[in-house]
Amino acid sequence: MDILFFVIQIIAVPAISPLLIGVIRKIKALMQNRVGADVWQPYRDLRKLFQKDEIISNEASWVTRYFPYLIFAITVLLGAAVPLVTSVSPELVLGEWGVFSLAPLSDFIVIVYLFALATFLLVLIGMDQGSAFGGFGSSREMMVSALAEGGFFFALFTVSIATQTGSVMDMVSSGMTNVPLLTLLPLLIAFIGFFLVLLAENARFPFDNPATHLELTMIHEAMILDLSGKRLALMEWAAANKLMIFVALGANLFFPFGVSMTSGFGEEWTFAFPIFIVKVLIFALAIALIESLMAKFRIFRLPDVLFTSFILSVIAIGIYVGAYV
Amino acid sequence: MDIFFHTQTFIVVLALYAGTAVLSLFAFWQVRDGGRTANRVAHFGACLASLLLLAFSVGVFLDGEGKALSFASPFPGIYFAFRIDGLAAFFLGLIGGIAALASWFGVSYQKHFIGKYNLGFFGFFYNAFLLGMVLAVSANQALFFLFAWELMSLASYFLVIFDREDTRNIRAGFLYLLMTQLGTVFIACALFLAYKATGSFDFDVWRLVGLAALSPVWQGVLFGSVLIGFGTKAGIIPLHIWLPEAHPAAPSHVSALMSGVMIKTAIFMIIRFFFDFFPGAPLEWGLVILILGAISSLLGVLYALSEHDIKRLLAYHSVENIGIILLGVGAALVFAGYGLQDFFVFALVAALFHTANHAIFKSLLFMTSGVVVGVTGTRNMEAYGGLIRVLPYSAFFFLIGSMAISAFPPFNGFASEWLVFQSLFVGVAASSLVVKMTFLASIASLSFTGGLAMACFAKAFGITFLGRRRESVSVEHNTSKKEKMSWLVHLPMGVLAILTLALGIGAPFVVSFLVGIVASLVFGTGGETLVFPYLQFMGMSENFSSILPVHGTAVALVVFVAVIGASVGWLTRKRKVTLAPTWDCGMPLSPKMQITATSFSRSLVIIFRGILRPTKQSDVEYRDAETRYFTSVQSVKTDFFDVYRNYVFHPIAQAIGYFSDRVKKIQSGNVNVYMLYVFITLIVLLILTMQ
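Chains as they are written, first to last, in my numbering: chain A, 1 to 325; chain B, 1 to 691.
Misleading hints may appear alongside valid ones.
As the list claims (entries may be wrong) - DSS-like, lysine-lysine: derived pairs with alpha carbons at most 27 Å apart:
hint, chain 1, residue 1, chain 2, residue 2
1, A, Lys52, B, Lys574
2, B, Lys664, A, Lys52
3, A, Lys52, A, Lys296
4, A, Lys48, B, Lys481
5, A, Lys48, A, Lys279
Stated by the list, open to error - Every beta carbon over 10 Å from chain A, so not counted as near; a handful from chain B, in silico:
hint, residue
6, Leu23
7, Gly115
8, Ile170
9, Phe174
10, Phe186
11, Lys196
12, Gly199
13, Val288
14, Lys459
15, Val495
16, Pro549
17, Gly552
18, Val559
19, Arg623
20, Val643
21, Arg662
To be verified - Chain B regions said to be covered by chain A (calculated; three or more residues, Cβ under 8 Å):
hint, segment
22, 347-361
23, 438-445
24, 597-603
Derived by calculation from the structure, the hints in this document are not laboratory data. Ideal Cβ positions, reconstructed from N, Cα and C, are used throughout, including at glycine.
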């Protein structure tokens with residue numbers, strides 16, 4: 001039973017992340033008066049890509065060959081480290097070998113820097129083929145995520161100060177019990193900052209358009225332009241995982257209601273699971289609405305948004321630190 | 001093993017450095033082979049001495065007992081006193097380890113200077129430089145320390161100007177000399193103020209007597225002089241201007257030593273002054289250091305981002321990392337002011353850990369960039385591209401170094417930056433609002449520094465090693481030949497790369513070890529005995545080291561990558577892989593049709609244009625001067641406005657020039673007038689002494 005729960009915790013994010021992408025696309029299609037593909041289409045896309053043969057640029061080095069695996073593994077790893085339905089870190093008791101625990105990964109600095117590592121590797125893939133598109137995609141991605149890192153860090157730091165812990169799992173469990181209602185205002189301000197980072201880091205409107213290929217303004221798609229077959233599938237899947245993780249962080253850290261605090265499928269699970277689904281759907285709706293209702297920003301407007309996100313979190317910490325600590 | 005515990009070993013190390021210095025001069029004059037022998041003698045000798053030094057400092061730790069010895073000297077007021085306690089042994093070990101690897105690397109690196117320059121002189125100054133560093137860290141007497149410090153500075157000046165055919169190097173060397181002497185003035189000022197307070201040049205007496213005899217204002221002057229004097233050597237902004245000039249000018253393994261170790265001796269002395277000699281400095285000094293650290297780290301990485309000279313880029317990253325170290329030191333000083341012993345130790349451990357880590361990955365990066373410069377013959381990153389096929393090993397090691405310096409888990413840079421973050425978090429809970437906000441600003445600066453460092457090294461690695469070749473490199477540099485594995489070149493890189501990973505994963509052990517050093521420094525038994533009982537502080541260290549998330553992260557990362565890689569690889573084993581040209585929209589791609597170093601960081605430069613002040617000069621020449629329709633030559637020159645030179649150093653230089661002009665008026669050239677001056681001075685002095 002323990003092993004089963006452990007495995008489920010690890011494969012949960014990669015298993016449901018394509019569905020989240022499918023749901024967002026479906027909502028967007030409905031907003032645009034289209035029928036749209038059904039929500040399972042991303043799974044079919046992945047299967048198709050995995051079955052295809054592959055073309056690798058002859059300029060490409062081992063960077064292109066091996067980094068997609070690394071990036072995908074990092075996102076799966078982080079998926080296991082963030083709270084989804086339960087706020088208990090995956091643990092596997094290995095008898096006399098001790099315990100294989102993923103609790104260290106739940107430290108918020110580790111999460112920020114592991115995402116940064118995934119971005120770094122992705123940027124290198126973009127530059128590896130010597131394509132004109134890839135390089136510029138990399139440069140833009142670096143611009144966005146270098147500036148987003150401050151906002152991301154500070155949004156999580158706000159929650160960390162409010163809950164007095166560094167682990168995102170503990171933030172959820174102590175968020176439900178210890179944090180006074182008064183801190184709701186700083187947390188809400190920090191959440192707005194976090195949501196802006198979510199859009200930036202996942203190449204969503206108003207930062208990037210996830211639906212286009214070959215538009216000169218694109219960021220994420222430009223970097224993976226020369227990938228195909230299973231490597232493209234891994235990168236697409238990793239991007240979906242990343243979105244899922246950000247949504248889970250946003251849903252559970254800032255609104256920690258209904259998260260199960262025990263491991264295993266106990267009684268709490270029956271409530272926690274539907275609540276989690278509802279929260280994720282609200283996020284999907286919000287993202288789809290933003291993408292349907294607003295246009296992409298000019299690239300040099302993006303830093304303003306990112307600095308806004310950072311400053312919102314700083315204000316949140318300022319209010320919290322000034323008023324409560 | 002026992003022999004490493006003896007103080008005599010230390011004397012042997014010193015003698016070996018000095019002997020190698022002289023011997024390489026002799027080897028150059030006696031053996032007429034263009035310096036081949038001298039090169040080997042200089043580097044292998046230095047390597048041997050450094051290994052012995054490393055063994056000695058390990059011996060000090062195993063022994064658990066500090067070493068002290070002193071000799072009389074023929075000069076008045078100075079005697080050769082050494083004191084090797086935990087902190088000094090830590091820095092000696094760092095010097096020994098990095099110097100051994102750099103010297104090993106230097107044997108093959110210096111080969112291209114054979115027959116061109118006098119390698120005997122190089123060997124002399126190289127070993128003198130190492131000797132100076134060792135003496136500066138172990139000296140226990142102020143004047144002796146000053147002598148060692150100057151030996152280190154002057155010897156490194158000669159190493160900077162070693163490649164003297166390039167006039168830029170001469171200018172860089174002169175700037176370095178000027179700045180380092182400026183720093184020495186302030187250091188000397190601090191030392192003499194301490195003498196005034198304690199009546200002795202002996203560091204042991206300083207520890208006992210303290211600064212009570214000085215008024216608070218003079219204490220402030222002393223601490224300020226310490227910060228300016230040693231800050232110049234460390235490269236704190238705005239005193240950093242020599243660093244991006246001098247580090248690239250020196251040969252690469254010397255750059256590794258200067259950037260990895262030499263600037264750390266300044267950190268060592270700052271720690272000595274603020275925590276060992278005269279503890280109890282007001283908390284405000286901690287805030288000052290924090291602000292300096294925050295500024296240095298953020299601006300350092302921004303300047304690095306705007307560079308496209310690979311070694312200057314690395315030099316600016318030294319400024320950044322010194323800033324991170326200072327964040328730890330400043331936090332420690334604030335906690336000491338509050339009397340929070342545990343957090344104080346924690347913050348200082350973070351600073352020391354980052355010191356060691358920076359020494360390791362920065363040496364690695366300088367060595368690999370040395371190989372790149374050696375192959376391409378230029379430091380300009382715009383000329384690189386696609387070098388991963390020519391230099392597969394160096395590319396790999398550069399990537400490791402880049403990931404470590406960008407603080408990605410599980411490498412060592414992450415471990416120490418994590419510790420610095422944690423110690424800064426503590427400060428946010430302080431009661432004073434000013435302290436709170438300073439810490440918050442430091443955290444903000446450090447979090448942005450992380451993101452920008454990542455951008456900078458994505459650029460450094462991507463532009464240098466990935467993509468296609470950009471320019472035809474000059475004929476003398478053959479870039480078609482693939483790099484071969486060589487013990488002389490790749491062994492030190494391999495050792496350093498393993499160390500970045502080992503110190504990352506093994507961070508808890510390193511932390512408990514450093515806690516011992518810091519605890520013995522702070523709660524030690526004073527100047528009399530040198531026993532540092534770090535074992536008894538291990539209990540305290542457990543609380544710190546068990547919370548580090550590095551180890552678990554590393555294990556999980558390895559397991560996941562292995563499992564996922566293997567399963568995806570196995571499931572898709574039947575898919576074919578075809579090699580084909582990069583997709584080119586139907587237009588053949590030329591080497592120029594890819595992103596350059598300048599344009600990669602251009603968007604970030606534009607965002608931070610208020611700080612970086614980029615300048616752009618366009619120039620157009622027309623074929624028809626009258627109508628101006630057809631252009632013949634169009635050029636754009638981008639550069640950066642140097643704030644420090646124009647707003648800080650230039651006004652100072654002008655002021656000095658102005659006053660010198662005024663003073664010149666009393667120098668008429670008439671001997672009688674000078675006699676009068678001498679006479680007046682004599683009278684005034686006599687009156688003064690009469691009173």
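Hints, verified against the model:
Proposed proximity of A/Lys52 and B/Lys574 is supported: the alpha carbons are some 10 Å apart, at most 27 Å. A C-alpha spacing of about 84 Å is found between B/Lys664 and A/Lys52, which places the hinted pair above 27 Å, so the restraint is violated. A hinted pair counts as satisfied when its Cα atoms are at most 27 Å apart, and A/Lys52 with A/Lys296 does not qualify at roughly 33 Å. Between A/Lys48 and B/Lys481 the alpha-carbon distance is near 41 Å, which puts this suggested pair outside the 27 Å criterion.
For the given pair, A/Lys48 sits about 30 Å from A/Lys279 by alpha-carbon distance, which is inconsistent with the 27 Å threshold. Its beta-carbon lying about 44 Å from the closest one in chain A, B/Leu23 satisfies the requirement of being farther than 10 Å from that chain. With a least beta-carbon separation of about 36 Å from chain A, B/Gly115 lies farther than 10 Å from that chain, consistent with its non-interface assignment. Residue placement check: B/Ile170 keeps its beta carbon more than 10 Å from all beta carbons of chain A (closest about 36 Å).
Here B/Phe174 stays apart from chain A, with its beta-carbon at least about 36 Å from theirs, past the 10 Å limit. A cut-off of 10 Å between C-beta atoms confirms that B/Phe186 is not in contact with chain A; the least separation is 34 Å. Distance check for B/Lys196 against chain A: the nearest CB is about 42 Å away, which clears 10 Å, and the non-interface claim stands. No Cβ of chain A comes within 10 Å of the Cβ of B/Gly199; the nearest lies about 46 Å off, and the non-interface call holds.
Every Cβ of chain A is farther than 10 Å from the Cβ of B/Val288; the closest lies at roughly 22 Å, confirming the non-interface assignment. For B/Lys459, the non-interface assignment is contradicted: its Cβ lies about 7 Å from the closest Cβ of chain A, within the 10 Å cut-off. The claim that B/Val495 lies off the interface holds: its Cβ sits roughly 22 Å from the closest Cβ of chain A, which is beyond the 10 Å cut-off. Annotated as non-interface, B/Pro549 brings its C-beta within 10 Å of a C-beta of chain A; the closest such distance is 4 Å.
Consistency note on B/Gly552: stated as away from chain A, yet its beta-carbon is not over 10 Å from all of that chain's, at 3 Å minimum. At roughly 8 Å, the least C-beta separation between B/Val559 and chain A is not larger than 10 Å, which violates its mark as non-interface. Remark: the non-interface label on B/Arg623 is consistent with the geometry, its nearest Cβ contact in chain A lying 30 Å away (cut-off 10 Å). Against the 10 Å criterion, B/Val643 stays outside the reach of chain A, whose nearest CB is about 21 Å from its own CB.
Against chain A, the non-interface label of B/Arg662 holds: every CB pair exceeds 10 Å, the least being about 49 Å. Counting residues of the segment 347-361 of chain B whose C-beta sits closer than 8 Å to any C-beta of chain A gives 0, which falls short of three, so the coverage hint is violated. With a cut-off of 8 Å between beta carbons, the segment 438-445 of chain B has 3 residues touching chain A; three or more are needed, and the interface restraint holds. With 5 residues bearing a CB less than 8 Å from a CB of chain A, the segment 597-603 of chain B meets the requirement of three and the coverage assertion stands.
Going through the hint list in order, the structure does not satisfy hints 2, 3, 4, 5, 14, 16, 17, 18 and 22.
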